[in-house]
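Student: Residues in the sequence shown are numbered consecutively from 1, following the working numbering.
By construction, these hints were calculated from the structure, which means they are not laboratory data.
Each statement offered as a hint is correct.
Cut-off 16 Å, straight-line C-alpha distance, at most; resulting in silico cross-link-like pairs (EDC-like, lysine to aspartate or glutamate):
| hint | residue 1 | residue 2 |
| --- | --- | --- |
| 1 | K399 | D462 |
| 2 | K119 | D18 |
| 3 | K399 | D377 |
| 4 | K399 | E369 |
| 5 | K119 | D28 |
| 6 | K119 | D17 |
| 7 | K127 | D28 |
Pairwise CB distance ranges, derived in the manner of DEER restraints:
| hint | residue 1 | residue 2 | range |
| --- | --- | --- | --- |
| 8 | G36 | T432 | 58 to 68 Å |
| 9 | P120 | A191 | 50 to 60 Å |
| 10 | D452 | R23 | 50 to 60 Å |
| 11 | R511 | G89 | 43 to 53 Å |
Built from N, CA and C at the ideal position, the CB exists for glycine as well.
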Amino acid sequence: MAQAAEPARTVILTVDDDPGVSRAVARDLRRHYGAGYRIVRAESGESALEALRELKLRGDLVAVILADYRMPRMNGIEFLEQALNVYPGARRVLLTAYADTGAAIDAINVVDLDHYLLKPWDPPEEKLYPVVDDLLTAWRSSDYRPVPATKVVGHRWSARSSQVREFLARNQVPYRWYSSDEPEGRRLLEAAGVDGQRLPLVVTPECTVLIEPEAADLAAHVGLATTPAADFYDLVVIGGGPAGLGAAVYGASEGLRTVLVERSATGGQAGQSSRIENYLGFPDGVSGAQLTERARRQAGRFGAEILTAREVTGLEANGPARVVRFSDGSSVAAHSVILATGVSYRHLLAPGCDDLTGRGVYYGSSLTEAASCRGYDVYIVGGANSAGQAAMYLSRGAKSVTLLVRGESLTASMSYYLIQQIEEAANISVRTRTVVESAHGEEHLEQLALRDVDSGETELVDAQWMFVFIGAAPLTDWLDGTVLRDDRGFILAGPDLTPDGRPPAEWPLDRPPYHLETNIPGVFVAGDARAQSAKRVASAVGEGAMAVMLVHRYLEQS
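Hey, can you work out the whole structure from these sequences and the hints?
Tutor: Printed below as a string of structure tokens:
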């Protein structure tokens with residue numbers, strides 16, 4: 001006779017590499033909280049993360065995580081930073097010795113640390129339980145309820161399945177992945193009444209079945225806002241990268257009715273970065289996803305609307321209104337517009353790459369694929385920071401990572417700190433003056449033909465994973481005939497519009513364009529889409545804030 005499943009209990013997790021300390025912490029926690037909470041202990045950051053992922057898949061709640069600072073391979077701060085991605089609502093405590101209190105204080109900024117405890121914590125009635133009691137009270141009063149996960153059934157080498165997973169992950173939508181050739185995946189296909197010929201299958205928490213959904217349809221069914229709440233705003237921000245998010249935060253916080261429109265997922269290229277280490281205020285680095293999610297929440301807290309999976313196809317000036325048109329024929333208008341459309345990675349023109357995109361060939365980090373790279377040889381095309389960050393991230397699990405760089409070295413395009421890290425990584429190698437000649441494979445990538453630029457010699461290598469970062473193209477074609485751009489498509493603004501000291505033709509105002517203003521008054525540009533921009537996260541955020549300041553100036557004089 002089958003036994004009834006044990007009712008789920010909220011978890012308190014503790015991790016310490018010293019078995020004696022680990023048992024002592026768990027013992028004290030069980031003594032006081034065992035009746036109402038399940039106490040889970042681990043003896044390494046890696047095993048603790050695995051436990052958290054298993055708890056997440058089962059739908060269990062985790063209220064408090066206690067981690068020792070001094071652990072080999074992955075210290076407590078590094079562990080808590082990754083745990084934040086799995087259970088962002090869990091309260092976080094760092095166990096530390098007196099000599100490490102400085103690191104604990106630094107962790108407050110890095111992982112939103114809630115508390116740090118000095119070892120030993122005896123007597124627990126005075127030093128441990130009051131702290132945990134307060135954290136549990138705070139956790140219970142927060143919105144800690146689990147969000148039902150969307151189910152995705154697809155094929156491992158299906159390009160559309162990869163796109164759906166990436167869309168959900170980058171938009172912070174919880175989902176569970178099931179392979180169509182595994183029992184649970186087949187069970188879901190059968191339950192949905194489909195044969196699996198068209199994938200992916202998406203089952204929403206409300207049990208709505210979607211087959212090969214487009215981004216807009218998928219977004220609408222998983223709770224992402226896709227329709228503006230009003231017809232007219234003070235400010236429309238087009239693009240949800242660092243510049244757009246910065247503009248939305250500053251615009252909404254300063255009282256402007258603000259809506260941000262993003263065609264795919266907030267964060268832009270920065271949101272795909274596995275780790276950003278030179279952003280001000282994060283001395284130990286921060287992942288692009290974490291930075292993006294915090295900025296998105298911040299913008300929402302100030303009242304900015306964020307629309308996802310809405311493609312903008314047109315912009316026009318209609319008297320004092322600036323009208324933004326969408327691909328479905330609808331539109332929204334505002335007093336002002338900030339163009340923060342960012343850039344996209346250029347595609348490799350080598351034969352075979354287009355056919356294998358999403359099936360071994362990926363543009364950008366595609367972090368949802370990183371776990372599958374474990375134990376394999378990975379190739380990364382590009383020599384800038386984004387390629388270096390991806391190399392460092394993937395090297396944690398890959399057998400080897402090879403950077404393919406067309407230039408003579410990394411120094412011309414990559415930050416010094418990243419070059420140092422790559423040189424110190426035992427499983428990362430750099431092949432300069434090397435390009436991809438062609439990609440080969442049936443269902444997925446199997447081989448790459450690499451050509452030495454100087455000698456012309458070609459080498460065929462086995463490869464199942466290639467990530468491409470080969471320069472950026474601005475996402476501005478839809479502005480053709482409306483907003484002035486340079487010969488590469490980057491938007492001209494401010495001084496770039498007045499090289500001879502005179503405003504552009506058909507400029508209607510007596511004053512010259514403001515610094516970030518385009519040839520259309522009230523339409524500004526910020527971030528990577530602007531001609532001559534710095535192409536850095538910090539500068540993009542700064543330009544977003546500056547653009548809002550200029551919007552205020554424009555509105556005051558209109």
